[in-house]
Structure formats: structure tokens, C-alpha cells
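Asker: Okay, here's what each chain looks like letter by letter:
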Amino acid sequence: MKQAAYIVNTGIITAIGNDTAACLDALLHTKSGIGKAYHLKTHWSDELPVAEVNLSNEEMANMAGVDTRWPRTALLSAIAVKEAWQPFADKVKGLKTGFFSATTVGGMDLTENVYKAFKEDSTSVDFNNIKNHECGAITELVANHFGINDFVTTISTACSSSANSIMMAVQMIGNGMLDVAIAGGADSLSRFTLNGFNTLMILDKQPCQPFDNNRRGLNLGEGAGYVLLMSEKAIQQCRATASCIVSGYANANDAYHQTASSPDGTGNKLAMGNALKVANLQPIDIDYINLHGTGTANNDSSEGKAIEALFADKVPMASSTKAYTGHTLAAAGGVEAVFSSLSIMHGIVYPNLRWETQMEDVGFKPVTTLQQGLAIRHVLSNSFGFGGNCSSLVFSKC
Amino acid sequence: MELYITGTGIVSGAGNSSDDNFLKEPPTYNTGKLLCVEPNYTAYIPPMQLRRMSKAVRIGIGASKMCMASAGIEKPDAISVGTAMGCLADTELFLGKMIVQDEQMLTPTAFIQSTHNTVSGQIALLAGCYGHNLTFVQRGHSFEHAVMNTQLYLADNPHQQMLVGGIDELTDGSLDALKMGGINNKLNSTPADVLNGNNTGCIAGEGASFFIVTDDKPANRALCIKEVYCFADKNNTIAINKLEAYITNHLQDIDFTVLGQSGDAISNLTYQSLRSGLLKDTPQYIFKHLCGEYATASAFAVGMLANSVLRNEMLPTHCILNREAGEMKNILLINHYMHYYSCWSLQVV
Chain A
3 MKQAAYIVNT GIITAIGNDT AACLDALLHT KSGIGKAYHL KTHWSDELPV AEVNLSNEEM
63 ANMAGVDTRW PRTALLSAIA VKEAWQPFAD KVKGLKTGFF SATTVGGMDL TENVYKAFKE
123 DSTSVDFNNI KNHECGAITE LVANHFGIND FVTTISTACS SSANSIMMAV QMIGNGMLDV
183 AIAGGADSLS RFTLNGFNTL MILDKQPCQP FDNNRRGLNL GEGAGYVLLM SEKAIQQCRA
243 TASCIVSGYA NANDAYHQTA SSPDGTGNKL AMGNALKVAN LQPIDIDYIN LHGTGTANND
303 SSEGKAIEAL FADKVPMASS TKAYTGHTLA AAGGVEAVFS SLSIMHGIVY PNLRWETQME
363 DVGFKPVTTL QQGLAIRHVL SNSFGFGGNC SSLVFSKC
Chain B
78 MELYITGTGI VSGAGNSSDD NFLKEPPTYN TGKLLCVEPN YTAYIPPMQL RRMSKAVRIG
138 IGASKMCMAS AGIEKPDAIS VGTAMGCLAD TELFLGKMIV QDEQMLTPTA FIQSTHNTVS
198 GQIALLAGCY GHNLTFVQRG HSFEHAVMNT QLYLADNPHQ QMLVGGIDEL TDGSLDALKM
258 GGINNKLNST PADVLNGNNT GCIAGEGASF FIVTDDKPAN RALCIKEVYC FADKNNTIAI
318 NKLEAYITNH LQDIDFTVLG QSGDAISNLT YQSLRSGLLK DTPQYIFKHL CGEYATASAF
378 AVGMLANSVL RNEMLPTHCI LNREAGEMKN ILLINHYMHY YSCWSLQVV
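Chains as they are written, first to last, in this note's numbering: chain A, 3 to 400; chain B, 78 to 426.
Hints in this document: simulated from the structure, not taken from any laboratory.
Certain hints may be false.
Going by beta-carbon spacing under 8 Å, a handful of chain A positions derived as facing chain B [to be verified]:
hint : residue
1    : 114
2    : 137
3    : 197
4    : 209
5    : 359
Which bits of chain A does chain B cover? Going by a derived footprint, with three or more residues having C-beta under 8 Å, they are [stated by the list, open to error]:
hint : stretch
6    : 41 to 55
7    : 161 to 173
8    : 291 to 299
9    : 384 to 397
The C-beta atom is built at its ideal place from N, Cα and C for all residues, glycine as well.
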């Protein structure tokens, strides 16, 4: 018999807010975070809008109480982890605690600033700018700062990374290997990722329109999102209150193309279907789908078709929150896990911003106005990425 | 959960496991880095695709295909990969062009292949594997966590065959950074230098080692991963205490130990203290004179052992540190990379 993993707290920072309350407020008041890059210095700042956290590295380091020389991803991670962890930090004595993070850029924001000098003469570069380049170094910085060391890992599966870190945390609590876990991910904007996505020609030059027939692509965002998971035993010891449980999870591969989804969303279907099986639910049980919904022609079409294949003509309420936060890459699964738990806790479904025109190849319409006062029992959250990685999580009221 | 290895594929600085003479001869070199001796990939990768692959992808796909062939399967049910650094060469290629060309006129190929999950994704793509697929990037525990994930997956989905591997590539840029970090050094090393410990840092390495593992005990002789214990600690005294506690709990069962001694002065002291202490009456073997030091080198060590078991051979004599083991049954593998330690309890079944 597996132990349930309960969500007892959340921590988040995105372009729409520096904590859970601020992000919820922005979602309730349809305030988007997409705009011109200010902190990211790039050739493309006038042409490619992004969803940037409106804080300098120094401001973030002060908020988190850490070294200003940390990579921006580590700073975002530390702020979100602090929010989720701090109320319970002195209550977990004797409990086994893990930290499951995710990132795709690691310390690239610092590396890219010194790489030219490094290639010319590596000894001319301050080692602090490259020593935390590795993805795992970001997690290590944050884990050490908060003194979490029973199990510390980092997953990097592109845009599905933090859905997978939550999945693994739930499995390890389920098997009794851990009592407490902070799980999610973080990614900062960097010139490397912005230019990479730009070469793929999937960036929208305007604020994105997920699941709209005339969608033009995605906007990159930055942020961090974590859920604090506990076993029943840990909840009792910490006197915590559960908002929901992570009832289902699945990871599948699309095995179609390194960066594109298969037209019928093979991997998406497998991930959603298997997550429902693990949760022991039928499609009809799902009240809300937090879509991957990046706003690219390819993703939204594949995801939409996979949803129709699974839910037939009974597609539940669905919306993408990436029109608010941008696509926060490795943080997206964590950010949207926070939004999913808030949906259950407050009985709300977020509007899919800027939606105008029905997609031709997908029959269902996303939710376009804020829905409140609902009894949301089960939320399905999708995260799909490069490398064919497809993951789905199910959150259930408890 | 106990995992049984039914297939192994290795591409390393000491050659590759599809070669019948793999590891038979003692290595000879005098260099600062051990780069992979790559196989002829014709049997594994279509030439059109091979041309576009960076070294990380080539050695990863090559080792995984070798591994599947050795297990006699076409595709695994699921994939779990550990890589501390990911696809460095493509990352540096895109980064370099982005800076030189001031973010303009860039092409996507290197960016596409730069993501950390490129190898696991490409394996799935080439094999048509729709199953669970994860990539771990936790520095010196990347491979260990890929193995732990395999245990979690097989606990949920028993009686399946999972591909698990560790891969890291070395580039000129990463070697410069690793030297600045004191992990590798600027000197040339010979195979004997993994023992001397006179300098900070050691010879750099790279490689890809993949395994087919299952939770079902196979009919044939196989290496079983009984337990993986990991910890990270920057304090050497605490690290030695933790290693000693683990060894004490397992010492009475083991026939020999395999040590990740690398030649670095500080970590050599740690191994020296174990070798002259708790392990003094235990046959001791080494492996980093073959593969060099890299974050997923523990995968090479497990591969070297699994390869010997599958071939019904003892470990080569050039791996013996003090004396030869009488039997190959219960094995304790102890590795470190920086302050990341792992202890592996292995058994030939």
C-alpha cells in the first residue's frame, strides 16, 4: 500500500508575482506578465516579448538572503523554496526530507556573459561566474542554504522537467523513502534559450494566444514553482493542513521528433491516460485541465487532439496559464502544479487569456472567463517537452 | 529493490565493450585527458544520422545500442539516463556562435542537440520507445539517481526491462573549467598516477555506459545491484565516517572492493584511510586508470564489472590494487566525484 503525498504548501515566483498570493491575485484579475525584457540584456528586447520577473539579481538575493553572485535560476529557486519551506523548517526534525528540483539553463545566465573572455583566456575570468554552470550546482546551492540533505536531485527533461521532479518525489514518499519533499523547478531567462527558441521560429512577437486558431508561438518566461509534499505522518508532526494530494502521475515519450510533437499527440495521450490510471480515475472525473498550451501551432494542435482522443466529446474545462507567465520551461510543471492546487483549494478555473478564434483542427474551446465557486475535485496538469518528454500529473481534493 | 543487469554497453577512453579484447591489456598513456576511443558505429547508427550527432549523442547512442544487442533486445520498456554536464559540445557551439554573431543569423541544430535530455530522447526516437524517460543532472550522483529512478519505475511497473546509463563528454572548454575548479589538473598523467596523489586534481575522462536492467532474476549469470547509497559532504572527516559506517555494515560479506581512487591528493587520502583501515584485508581494485575522472564514472565501474560477469571472466589484473580476489561474488564499489560519494552493494547471481 502506497502512502499518499499531500500538498501542504506552495512557493512560487513568476512574472505575475513574487509569491503564491501575488500570483493568485494576478490570475484572478487577468493580469499578464508578458512584456519587454528589462533585466535580460538581449539584441531581441524590442522584438521578442518575455515574461520576466521584475527584480534584479541583487533584489532577489536580498529577498532570499543569499549571495548576489548566485546564478539567477538559483535565486528564483531560493525565493520560491523559502516561501514553501519556511513555515515548516523548524518542525521537520527527525523526518526524512528531500529536495527535487529541475532546470534546463543552470547557471547559463552568468556563463554567457563571460564565455567570450573565457574562450580567449580562461584564467582572466572570475571563477564564480562559471563554477555554478551545471544544473545540479543550482540545486546544491539551494539545498545547502536550507539545510536539506536526505535526498537532493535535479531532473532535466526540457519543458517537462519539474512535472517529473514532482512525480519522483511522490513516488519516494509513496514508498516510504521520504516523509517530506520540496518538488518543482526553476529557470531564468537567458540569451542562450531566447536565441535557441528564436532559431526554431516558435517565438511569438506579440503576447501569445494559446489554443487560438491564429496563435503564432510562445513567449519565454522565467520563474520557479515548488510544492511542499508530506506523508500523513509528517502532516501530523508538523501540524500542517493538506490542500490536495498528487493522486496520479505518468511520464511517456512521444518518440517522434527531437523538438516537435507528433500530429496526433501519441506521447501526450499516453501521459494523460497513464496518469489517470495511476490516480484510478476515469476521464469524466477530471474537472479542469491545466494545459501545456504553449501557443505554438504544433503543441496546441497535438495536445488538443490527444485530449479529444481521451475525453471524446466530454472535454472538461481547460485553459493554459502560459499567457500569464510565459513558458517558464523547467519551472512550468512546478508553477502549474501550484496553480492546479490553487484551483482545487479556491474552486476556481483560470481564463485562457487573449483567446479569440476557435481552432480548426480541435473542437473544444478553452475557458475564457474566470470561473469561481466551483467544486474542483480533480485537476490534470500537462507538461510536454523537447526530446519527446511528456508528463502529466493529477491533483485531487482530499 | 534488487536490479539485475542483463546487458552492458560501454564506450570509454579504454575502448568499447563490443571489442572482444576490451580492457584485456593494461592501458598506456601520458596525457591530461582520456577521450573516448569510439567504435565503428555502422552497426548501430544510420550514417545520415551519425553525421549530425555530437560526440555525446554518438557515444550515448552507440553504448545504448551495444547494450541492447548484448541483452538481445530491440528496445527497452523505459529509459533513465544520468549526465552531469549534458551535451556540452553543442551547448558551447551554439553559445560561441551566439556571442560572435551578436545573437543573429543563428541556426537551430546545435541548440536542439544541446538540451540535457538529448541522449535519452534520441535513444527513444531511434528505438521507438514510448515508455517512461528521464534524465538526471545531479553532478556526481547523476547516474546513481538514474539507477534509483529505475528502482522506483520497476516497483510501479514490475517485470519490465529498463535501459539505464551514465554519460558525460569532455570538451576543451569544460576541461579548462574543471581545471580551475581543481577537479582535473594541468599535468600529464600515466596509468600509475591514479595511485600517487601528489597533486590537486587528476586526469580528466569521459564516457558512456549503459545497462539493461530488470527486477526479474535472470536464468543466466548476472550482476545484481543490491543497494546504492549516496551522500554529498564537503567535510572529509564526515565523509570518511559515513563511508566507514557503510563498509562496516557490509564488510563481512564482500569478496573484493572496487575503489574510485583517481590520483587527486585529497581524495586519495580518503581512500588511503579506508585501504589501510577497514579494507586492509580485503582485495582492492581500481578503475579510473581506464576511464579517467568524470561525474558519471561510477557507470563505467559498474559496466566493467557487469561486462566481466557477462563474459564469465575475472577483472583484468591491471585493476588489482593490493591482491587478487579469490572469488567474484559479493562486491563493494566505492566512488567519489568531488564531494559526491556513492557506495554500491553488488552481487554476482
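Asker: Compare the structure with each hint and give your call.
Answerer: Hint check:
no., hint, in the structure
1, 114, "6 Å, holds"
2, 137, "4 Å, holds"
3, 197, "5 Å, holds"
4, 209, "22 Å, violated"
5, 359, "28 Å, violated"
6, 41 to 55, "holds (count 3)"
7, 161 to 173, "holds (count 3)"
8, 291 to 299, "violated (count 0)"
9, 384 to 397, "holds (count 5)"
Checked against the numbered hints listed earlier, the structure breaks hints 4, 5 and 8; every other hint is satisfied.
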